Amino acid sequence: MLHLKCLIFLVMTLLLTALATSTGWAATFSVAPVRVTLDGQRRTERLAVKNESDHPLTLLIKPYLWTQSTDGSDRYEEKSDLIIFPKALTVLPGEERVIRVGIGALPGNVEKAFRIYLEEQPLKNDQAQQGAVAKILMRVGIPVFAQPRQPEPAPRFTEMAVAKGTLRLTLTNNGNSFTMAEQVVVRGLDDKGAELFAKALGGFYLLAGTTRTLEVPISKEQCRLASRITATTRSNGKELFMALDKLAWTCEGQ
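When we follow the numbering used here, the leftmost residue of the sequence shown carries the number 852, and every step to the right adds one.
Don't read these hints as lab results, they were simulated from the structure.
Heads up, some of the hints might be wrong.
No farther apart than 27 Å at their CA atoms in a straight line, the calculated lysine-lysine pairs in the DSSO-like style are these [unchecked claim]:
#1 K901 <-> K975
#2 K1097 <-> K1050
#3 K1071 <-> K1015
#4 K1097 <-> K1015
#5 K1015 <-> K1043
#6 K1050 <-> K1089
#7 K913 <-> K975
#8 K913 <-> K938
#9 K975 <-> K938
#10 K938 <-> K901
#11 K1071 <-> K1043
#12 K901 <-> K913
#13 K1043 <-> K975
#14 K1097 <-> K1071
#15 K1050 <-> K1015
#16 K1071 <-> K1089
#17 K1050 <-> K1071
None of these values were measured; they are calculated from a predicted model.
Working from the sequences, and respecting the hints, build out all of it.
Right under this line is the structure:
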């Protein structure tokens, strides 16, 4: 099971709109499920949106094609093979509404990834008072994966190096479907195997055929004392591990 903190971080962001000096809070709403998978057996899915606040909630629903660049950063294009209905809705306090998500044609051998963003819209009263109220609007992103017939993620660490006070750690997914790396933990060990330092990095999605390089600062003292640096994470229920021994790096230039 994914760590709760990682999951919240990947599926939820806040859109902050500073309109003046005082603050008005956004509506509170929940969305389930928090990730959608479409395949040959299931080409449609229902998203349940519940308004947990005490005032009406208006949402715009926008689908995006989701890709990742060579450095692992996310890219979104306002074109999508997804079918969304409705594309806008108003949810009354305590009410639950359904958004239908579907896809016409499934991909061939490689998975396609999308994100659906549910964007809260300001109320008419908020617009009238925007000179006196700072409104915080919620924007929630739901990952959607259209999978090939035989999805097979293949994550592994492919590079680990220390130079100029930085550890560079590369994780690659050579498979045809997404994977999620849970928390990545980097540890420095002395010559007896005792832990000198540990640094944790948040989890992230790695789409099919993509690579992500993480950079971890290593102090001069840590570099000098460590005899081994290890990296571990869990992905698709399996532990990934890589280690680097002292002879493979230098502390010069720090």
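Status of the hints after comparison with the structure:
no.	hint	in the structure
1	K901 <-> K975	holds, 21 Å
2	K1097 <-> K1050	holds, 18 Å
3	K1071 <-> K1015	holds, 9 Å
4	K1097 <-> K1015	holds, 15 Å
5	K1015 <-> K1043	holds, 25 Å
6	K1050 <-> K1089	holds, 20 Å
7	K913 <-> K975	holds, 21 Å
8	K913 <-> K938	holds, 7 Å
9	K975 <-> K938	holds, 19 Å
10	K938 <-> K901	holds, 16 Å
11	K1071 <-> K1043	holds, 20 Å
12	K901 <-> K913	holds, 18 Å
13	K1043 <-> K975	violated, 66 Å
14	K1097 <-> K1071	holds, 14 Å
15	K1050 <-> K1015	holds, 18 Å
16	K1071 <-> K1089	violated, 33 Å
17	K1050 <-> K1071	holds, 16 Å
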